[in-house]
Amino acid sequence: MKKVIAFLSLIILTSCAELQSVVDSLPNQVGVDNTTIASGLRQALDFGIDKQVTKLTQENGFYGNSLVKIVLPEELQKVDQTLRSVGLSSLADEGLKVLNRAAEDAVGEATPIFVDAVKGITFTDAKNILLGNDSAATSYLENKTNTALYAKFNPVIKQSFSKVGADKIWSNLITKYNALPLTNDVNPDLTDYVTKEALKGVYTMIAVEEKDIRTNIASRTTTLLKKVFALQD
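Read in order, the letters of the sequence shown are residues -17 to -1, 1 to 216 in mature numbering (1 follows the signal peptide of the UniProt record, and there is no 0).
Heads up, a few of these hints could be off.
[What the hints assert, rightly or not] Here are the simulated distance ranges between beta carbons: (1) T65 - K34: 38 to 48 Å; (2) T107 - G70: 56 to 66 Å; (3) N155 - I200: 19 to 29 Å; (4) L114 - Q64: 40 to 50 Å; (5) T18 - Q142: 35 to 45 Å; (6) T204 - D175: 32 to 42 Å; (7) Q41 - A201: 46 to 56 Å; (8) S72 - A201: 38 to 48 Å; (9) A131 - F106: 20 to 30 Å; (10) S202 - T94: 13 to 23 Å; (11) S72 - N126: 32 to 42 Å; (12) P164 - G115: 46 to 56 Å; (13) D117 - T37: 19 to 29 Å.
Rather than coming from a laboratory, the hints here were simulated on the basis of the structure. We put the beta carbon where it would ideally sit given N, CA and C, even for glycine.
Hey, can you work out the whole structure from these sequences and the hints?
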């Protein structure tokens, strides 16, 4: 029995080694080297940043996009519901809109940080990303940029709140809510909340573009993209 187990273990280890060998040699087998793979992934991310992130900086880029629209944090959802129930729906709508406007303002700060991260993709990174899941490149970008983007977004959102009057709108909204009978006072950190939601929105839209390039051959609009992503089909 021990000999059988040892034999099976040897087969499994050999198979794993052969599989890894195939993966490692894949680019060379099809005439696409590591440099080309890295260039293709950089181009895919550049397209995602240019096409999707740019949309988020436009008016209603967040507010008009159901994938990334920023809704109220849990502790403020009761504020929204209560205000609507007492005929203050327009005020509640305006409160939501200014949160999204602040995010749209902040995303303009993202592109230079993304560009630096994309340039930093190594050959090893490229191969792992290419053979990863549909959002592997986006996950790589998120790991490389999240901290720097938060630091950039937060002060812009804080300033935007003041510029678009969000601070006054929310002060008025929460004051009215807190003045209602049988309610508990709330005072959330909206700047931190909107910063994190804006970051989630950015990565969500880049992932949308990445998945499209990976799964839709028609979306590979350059020779480089066609050549590189054919490896993972």
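Against the structure, test the hints numbered earlier, and report the numbers of the ones violated in rising order. 3, 7
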